[in-house]
Amino acid sequence: MSSNRIMTVSRAMSEAIAQEMRADPNVFVMGEDVGAYGGIFGATSGLLGEFGESRVRDTPISETAFIGAGVGAAMAGMRPIVELMFVDFFGVCMDAIYNLAAKNVYFSGGNCKVPMVIMTGTGGGYSDAGQHSQTLHATFAHLPGLKVVAPSNAYDAKGLMTTAIRDDGPVMFMFHKGLQGLAWMASPEGAATELPEESYVLPFGQAKIVRPGKDVTIVAISMMVHHAMEAAKALEKEGVDAEVIDLRTLVPLDRKTVIQSVKKTGRLIVVDEDYKSYGLTSEIIASVVEENPAYLKSPPRRLAVPDVPIPYSRPMEQYILPDAVDIAAAVRATLGKKAA
Amino acid sequence: MPSKSQFLWMYETMEKARYYEDTIAVAYMEGKQPKFDIGAGPLPGEMHLAAGQEPCAAGVCVHLRADDTVTATHRPHHAAIAKGVDLKKMTAEIFGKKTGLAGGRGGHMHLLDPAVNFACSGIIAQGAGPAVGAALAAKLRGTDAVAVSYVGDGAANQGGFHEALNLASLWKLPVIFVIEDNSWGISVPKAKSTAIKDNSLRAAGYAMPGFHIADNDTLKLFDVAGEAVARARTGGGPTLIEVETYRYYGHFQGDPETYRPKGEVAALKAKDPIARFRKTMIETKVATAAEADAALARAKAEVDEAFAFARAAAYPAPEEALAHVFA
Ligand SMILES: Cc1ncc(C[n+]2csc(CCOP(=O)(O)OP(=O)(O)O)c2C)c(N)n1
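For the protein sequence lines, the chains are Y and U, in the order given.
As numbered in the working numbering, residues 2 to 341 make up the first sequence, in order.
As numbered in the working numbering, residues 26 to 352 make up the second sequence, in order.
Calculated directly from the structure, the hints in this document are not laboratory data.
Some hints could be false.
Cross-link-like lysine to aspartate or glutamate pairs, in silico, EDC-like; alpha carbons within 20 angstroms at most [unchecked claim]: (1) Y:Lys264 to Y:Glu291; (2) U:Lys325 to U:Asp280; (3) Y:Lys277 to U:Glu344; (4) U:Lys60 to Y:Glu190; (5) Y:Lys209 to Y:Glu239; (6) Y:Lys339 to Y:Asp242; (7) U:Lys222 to U:Glu269; (8) Y:Lys257 to Y:Glu291; (9) Y:Lys277 to U:Glu269; (10) U:Lys217 to Y:Glu54; (11) U:Lys113 to U:Asp297; (12) Y:Lys338 to Y:Glu190; (13) U:Lys215 to Y:Glu54; (14) U:Lys215 to U:Asp240; (15) U:Lys57 to U:Asp280.
Using the sequences provided together with the hints, build the complete structure.
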């Protein structure tokens, strides 16, 4: 069923949540400003009007309490969707996330479920400085027990959100502020997509080849997918045929699709908006090299934030965030080509 | 009662803070029209203005010295100004310039000025712990310096805030916790976030004195804060002060404020704390209208100069992003 509805990521998220709330009375939402405001990044817009204050709950600024309460409610059989406004705020409530949500299934030997979604805004690029611009994919992906989702567009966001709500374990749903399609923040063209009205699920752990190519594999996630696509377009004019892979989920991680692609192209660039060291970029490269270093015809390259807090001032922030120009340059270097 | 110089200092400080915020509010929209884009213009990113909350800054900081510590919130400009943060460097920082306090690395939510022991944090209530630490340092070193920690009424529900209160009281540390109760936490009204009506009552839970200042009253706050600072300096331990204050602008600039009752801001502005303060100062003959006007003119000139300085300053080189990660 094609609907020709072009919708933003924030709309896709709230639609998925609404559909699951209609289908299952155990699903409810809580977090700061999720009610009348509709979520600072629009992920809960319209929900209060339909479901009321009892199922769309504004919380105090007390993340330790309400994320902990999410764990408790989930263990009691509810399906809470809890918003941690900016991922940067995890510091005040990390125990509830990584010692409770992430581990209680294990601690019960699989006898209890923690069907909870923690959705949180990531990413910078608009000068919000070091405490409001981090991406932190790896921080959560590093911890056993958490599934980690980071969609790049509305279609994926809806399907992955539906899957997340139906998952019996805790899921970190990390959405990029700059992809939400907000009235007050620029969003790349490809982020808003056609959005089927009906409910659908997208499986976790299945990356998507968003642009097939034969010369080089560019692996990206979230906002970086858009930069990678832009780079691929620029490279096309130089006769370079890049394959772009959108990982979509960090945990589970679709290593297979990446490895198969590198086997074909022989070259690998990985891009992430998170800090460089100990992150997604090294994880992907390690996965390929572990399988067979001979797949690579040249050293792989990683593009990520160079291990500095995100600076406020625009020239510095733009410098440290990977973009299409950086990606294209990395591809050229990998191919031993001169700059265009 | 404040002395004449304290009166005039508080007045000038409040006018400076007000004019500062009103000037930013205009500058913030540059480059964001006709289409509002939070990342555009000379002042990108979130901007939280404190117009209306000036008494909280002036009424407390009038009692402080440079060696005292202030930790402020994500809405820090009024407190920074009252604590004596270098206005030019602060403004340059907010413009993301090389001559800013941190060379443009921190921006408006992360102003740090070690010269006057001022810091703030964009993470709610996370100034409370460091204020306790500054007070502990003073106690261990045997100085009579004090620390002031500002939090919002929303932040007063954070665990970190309560842990800091307990620790400060347990160790009898010279800390003054000031709750700026503007009755909003973004879109959530205090009544929907806070189980208790009057946050100052929470002081009892930590065995420290608690005070509630109604209606943004600078003079009442002056008295209570003066006593609290004196108590702290002489080993009497911490105090919790809650100030009913006003937030004239939205939570951040660009906030559609659809949650806010119509007419709320107009009603608050009708009883503006600075206008009231000025009236009292002149009526009680502490200062003349001419003296007040001179203070106001000085305040505006200082702000204008700071903005001119910041605008004229150069941006940092992009690679400077890599410096100062480690000491
Ligand atoms: C730990 C944490 N949670 C949430 C936020 C997002 N946030 C920033 S300001 C704010 C509201 C703060 O309200 P209040 O403490 O009353 O201060 P006000 O903005 O009214 O000055 C929120 C929820 C944050 N910065 N840090």
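Against the structure, the hints come out as follows:
1. Y:Lys264 to Y:Glu291: Between Lys264 (chain Y) and Glu291 (chain Y) the Cα gap is close to 13 angstroms, so the pair holds against 20 angstroms.
2. U:Lys325 to U:Asp280: violated, 27 angstroms
3. Y:Lys277 to U:Glu344: Distance ~16 angstroms between Lys277 (chain Y) and Glu344 (chain U) Cα, so the pair holds.
4. U:Lys60 to Y:Glu190: holds, 17 angstroms
5. Y:Lys209 to Y:Glu239: violated, 24 angstroms
6. Y:Lys339 to Y:Asp242: Satisfied, since the Cα-Cα distance of roughly 16 angstroms is no more than 20 angstroms.
7. U:Lys222 to U:Glu269: Measuring from Cα to Cα gives roughly 12 angstroms; hence the hint holds.
8. Y:Lys257 to Y:Glu291: Status holds; Cα separation ~12 angstroms.
9. Y:Lys277 to U:Glu269: The hint is violated at about 45 angstroms.
10. U:Lys217 to Y:Glu54: The given pair, whose Cα atoms are some 11 angstroms apart, holds under the 20 angstroms limit.
11. U:Lys113 to U:Asp297: violated, 27 angstroms
12. Y:Lys338 to Y:Glu190: Violated, at roughly 29 angstroms.
13. U:Lys215 to Y:Glu54: With Cα atoms ~16 angstroms apart, Lys215 (chain U) and Glu54 (chain Y) stay inside 20 angstroms; holds.
14. U:Lys215 to U:Asp240: With a Cα-Cα distance of about 15 angstroms, the restraint between Lys215 (chain U) and Asp240 (chain U) holds, given a limit of 20 angstroms.
15. U:Lys57 to U:Asp280: Within the cut-off at roughly 14 angstroms; holds.
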